[in-house]
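Same order as they appear, the protein sequences are chains A and B. Read in UniProt numbering, the first sequence has 240 at position 240, and its numbers run on one by one without any break. Read in UniProt numbering, the second sequence has 301 at position 301, and its numbers run on one by one without any break.
Hints were generated in silico from the structure; no laboratory data involved. For clarity, every value in this text was computed on a predicted model and none was experimentally measured. There could be a bad hint or two in this list.
To be verified - Example chain A residues on the side facing chain B (calculated, C-beta under 8 Å, incomplete):
no., residue
1, Thr-194
2, Gly-239
3, Val-258
4, Ile-273
5, Leu-279
6, Arg-283
7, Gly-288
Cβ coordinates follow ideal geometry from the N, Cα and C atoms, glycine included.
Protein chains: 2
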Amino acid sequence: MVEEHEDQIENKKIILKGYLTTGLLLKETSMELKIDKFDFSVVSKGSGGVVVKNLYLSCDPYMRGRMRDFQGSYIPPFVPGSVIEGFGVSKVVNSDSPNFKIGDLVTGITGWEEYSLIKKPEQLRKIETDDIPLSYYVGLLGMPGFTAYAGFYEVCSPKKGEFVFVSAASGAVGQLVGQLAKLHGCYVVGSAGTSEKIDLLKNKLGFDEAFNYKEEPNLDEALKRYFPQGIDIYFDNVGGMMLDAALVNMRVHGRIAVCGMVSLQSLSYTDGIQNLYMLILKRITMTGFLQSDFLHLHPQFLEFIISNYKQGKIVYIEDMNEGLENAPAAFVGLFTGKNVGKQVICVARD
Amino acid sequence: MVEEHEDQIENKKIILKGYLTTGLLLKETSMELKIDKFDFSVVSKGSGGVVVKNLYLSCDPYMRGRMRDFQGSYIPPFVPGSVIEGFGVSKVVNSDSPNFKIGDLVTGITGWEEYSLIKKPEQLRKIETDDIPLSYYVGLLGMPGFTAYAGFYEVCSPKKGEFVFVSAASGAVGQLVGQLAKLHGCYVVGSAGTSEKIDLLKNKLGFDEAFNYKEEPNLDEALKRYFPQGIDIYFDNVGGMMLDAALVNMRVHGRIAVCGMVSLQSLSYTDGIQNLYMLILKRITMTGFLQSDFLHLHPQFLEFIISNYKQGKIVYIEDMNEGLENAPAAFVGLFTGKNVGKQVICVARD
Numbered sequence: 001m002v003e004e005h006e007d008q009i010e011n012k013k014i015i016l017k018g019y020l021t022t023g024l025l026l027k028e029t030s031m032e033l034k035i036d037k038f039d040f041s042v043v044s045k046g047s048g049g050v051v052v053k054n055l056y057l058s059c060d061p062y063m064r065g066r067m068r069d070f071q072g073s074y075i076p077p078f079v080p081g082s083v084i085e086g087f088g089v090s091k092v093v094n095s096d097s098p099n100f101k102i103g104d105l106v107t108g109i110t111g112w113e114e115y116s117l118i119k120k121p122e123q124l125r126k127i128e129t130d131d132i133p134l135s136y137y138v139g140l141l142g143m144p145g146f147t148a149y150a151g152f153y154e155v156c157s158p159k160k161g162e163f164v165f166v167s168a169a170s171g172a173v174g175q176l177v178g179q180l181a182k183l184h185g186c187y188v189v190g191s192a193g194t195s196e197k198i199d200l201l202k203n204k205l206g207f208d209e210a211f212n213y214k215e216e217p218n219l220d221e222a223l224k225r226y227f228p229q230g231i232d233i234y235f236d237n238v239g240g241m242m243l244d245a246a247l248v249n250m251r252v253h254g255r256i257a258v259c260g261m262v263s264l265q266s267l268s269y270t271d272g273i274q275n276l277y278m279l280i281l282k283r284i285t286m287t288g289f290l291q292s293d294f295l296h297l298h299p300q301f302l303e304f305i306i307s308n309y310k311q312g313k314i315v316y317i318e319d320m321n322e323g324l325e326n327a328p329a330a331f332v333g334l335f336t337g338k339n340v341g342k343q344v345i346c347v348a349r350d
Numbered sequence: 001m002v003e004e005h006e007d008q009i010e011n012k013k014i015i016l017k018g019y020l021t022t023g024l025l026l027k028e029t030s031m032e033l034k035i036d037k038f039d040f041s042v043v044s045k046g047s048g049g050v051v052v053k054n055l056y057l058s059c060d061p062y063m064r065g066r067m068r069d070f071q072g073s074y075i076p077p078f079v080p081g082s083v084i085e086g087f088g089v090s091k092v093v094n095s096d097s098p099n100f101k102i103g104d105l106v107t108g109i110t111g112w113e114e115y116s117l118i119k120k121p122e123q124l125r126k127i128e129t130d131d132i133p134l135s136y137y138v139g140l141l142g143m144p145g146f147t148a149y150a151g152f153y154e155v156c157s158p159k160k161g162e163f164v165f166v167s168a169a170s171g172a173v174g175q176l177v178g179q180l181a182k183l184h185g186c187y188v189v190g191s192a193g194t195s196e197k198i199d200l201l202k203n204k205l206g207f208d209e210a211f212n213y214k215e216e217p218n219l220d221e222a223l224k225r226y227f228p229q230g231i232d233i234y235f236d237n238v239g240g241m242m243l244d245a246a247l248v249n250m251r252v253h254g255r256i257a258v259c260g261m262v263s264l265q266s267l268s269y270t271d272g273i274q275n276l277y278m279l280i281l282k283r284i285t286m287t288g289f290l291q292s293d294f295l296h297l298h299p300q301f302l303e304f305i306i307s308n309y310k311q312g313k314i315v316y317i318e319d320m321n322e323g324l325e326n327a328p329a330a331f332v333g334l335f336t337g338k339n340v341g342k343q344v345i346c347v348a349r350d
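Input sequences plus hints: build the corresponding full structure.
Here's what the structure looks like:
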């Protein structure tokens with residue numbers, strides 16, 4: 001069902017200018033807005049591809065890893081001069097795939113541009129329209145939400161009544177981890193970097209306590225204040241100094257889920273972790289994980305989160321920036337803590 | 001069945017002079033030989049205690065932790081001016097316990113002295129004499145052997161054909177880990193610090209390969225040479241630079257058993273661990289453990305090891321120093337890699 005479009009249209013896109021090198025910090029100028037022509041008929045008969053109009057694009061910290069020329073990761077680097085890729089919510093506007101028709105709403109990996117050709121639409125997931133905001137499909141119901149779900153239930157082995165600490169707690173992943181932990185009957189404290197975020201954690205996201213790590217001269221003392229009895233589970237989104245402080249405050253048989261190391265990615269902390277000997281003293285398990293290893297749980301994740309969201313037991317905070325041209329600034333802001341909640345770019349409403 | 005001994009006899013003992021402080025390295029002079037009087041009748045009727053003559057004493061790295069004034073560990077610090085305690089093999093020479101009679105051979109925590117009063121003999125285990133050297137009850141069949149057994153089978157989740165790296169591989173724990181891994185069908189490489197140890201690893205202990213880390217200018221390159229396909233299991237006895245190098249050479253879903261951090265205890269490495277981000281990239285699990293959490297497996301450990309030892313499938317290398325007066329030097333030697341194999345002090349043969 002490929003339609004014919006004679007006219008080429010303009011297609012704004014964000015490209016990566018060149019690889020980041022060691023010591024070269026990510027800046028808005030690492031990326032560039034370009035305008036190309038896009039031909040809807042790029043989906044030729046037999047190609048099996050689809051053309052999508054991108055509605056919402058996701059800014060996720062892992063993407064910075066793709067801006068380096070490092071082949072050893074779980075995902076290949078971006079190609080300099082080419083469009084940046086990431087998770088998005090899109091609308092099918094042309095299709096040669098039997099599984100997608102024009103008008104379908106989909107989520108999956110797309111380009112940071114107005115229109116994208118998806119050559120392998122099998123990686124797209126169709127969105128059944130319901131009462132849930134579309135943009136949540138790159139947040140609460142997307143990769144970050146699933147990261148929180150798999151990380152908390154599968155990696156942290158939580159038990160009711162346990163003491164849970166979440167760093168970057170108002171972020172795309174952390175805010176859901178905290179809520180899942182509360183639903184599970186845990187005591188939950190989060191850290192974040194502004195008073196606005198602390199207020200959200202305590203008054204909107206249901207954390208028992210929250211603190212602004214930037215106002216704590218000594219993170220070890222801060223954790224001792226909030227966890228006089230110690231930490232059973234540390235859901236680590238930042239690495240660095242906070243990880244070192246958490247290590248000395250863990251309880252026996254504590255678990256650390258290593259989800260992200262934003263502090264390391266921004267190169268602001270290169271001292272290394274000093275307190276790993278605590279792993280032995282307290283018999284701690286520390287596990288790095290990726291949500292992609294748990295995809296068999298994805299259906300139950302969607303069911304659980306959608307059900308709890310509709311019952312009002314889970315909320316989700318987004319930081320929505322309007323316009324593709326603002327995507328580079330929004331992305332850079334992730335690493336300075338500028339975003340409040342899950343960072344999303346709205347390219348078009350429909 | 002307390003016997004009367006009118007005479008007090010001399011009792012040589014090694015005492016801790018004072019706590020080690022940060023930056024104060026362990027030296028022989030941190031300890032001191034003293035001669036006390038010992039009265040066999042110290043075991044009074046109704047006390048339930050036993051008096052033992054100590055035959056073999058064990059030098060174990062964890063003991064250094066007890067020489068610091070740090071209360072937060074899994075075992076309390078020694079008392080300055082008092083005798084050093086550790087695992088030993090001893091002979092009961094007086095008893096008020098219904099479970100032990102004179103002449104029984106026992107193993108458990110005793111003092112670094114010729115004769116000890118054991119107030120709580122329930123912590124002692126009786127040794128059934130067989131063809132196994134008595135001193136092995138503080139090594140192969142003692143805490144280090146059980147550490148290797150529990151650490152390898154329970155913490156590393158080994159699978160046949162996996163690639164296993166062991167540091168401090170000729171030590172009390174490492175040498176058994178390597179042999180267990182070989183029995184399990186793994187490929188095993190060990191690191192150690194002298195050519196004599198490398199020779200033992202390759203020609204006596206059955207490691208597939210071994211290398212002298214002191215002769216490697218770049219540990220990362222050394223590991224890439226021995227594990228071109230990467231490491232599935234790293235049994236870490238040292239921490240520090242070797243851990244950092246192993247982290248970047250782990251395979252996806254690799255496991256690191258954190259058993260000891262001798263490098264940290266000797267304060268020779270304070271740079272901190274840089275490469276923990278590999279935990280995420282490779283989805284690695286890193287687990288600190290203590291053998292004491294696995295005591296339910298102790299009977300099957302003894303049965304398995306004794307059986308394999310008697311069949312000649314497991315060997316064990318000891319470094320035996322004669323005389324209690326040489327205990328401080330032997331203990332200090334653990335932290336400079338002087339010992340070849342499990343370090344034991346022979347106080348008396350029987």
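Hint-by-hint comparison with the structure:
no.: 1; hint: Thr-194; result: violated (25 Å)
no.: 2; hint: Gly-239; result: holds (7 Å)
no.: 3; hint: Val-258; result: holds (5 Å)
no.: 4; hint: Ile-273; result: holds (5 Å)
no.: 5; hint: Leu-279; result: holds (3 Å)
no.: 6; hint: Arg-283; result: holds (5 Å)
no.: 7; hint: Gly-288; result: holds (3 Å)
When the structure is compared with the earlier hints, a violation turns up for hint 1 alone.
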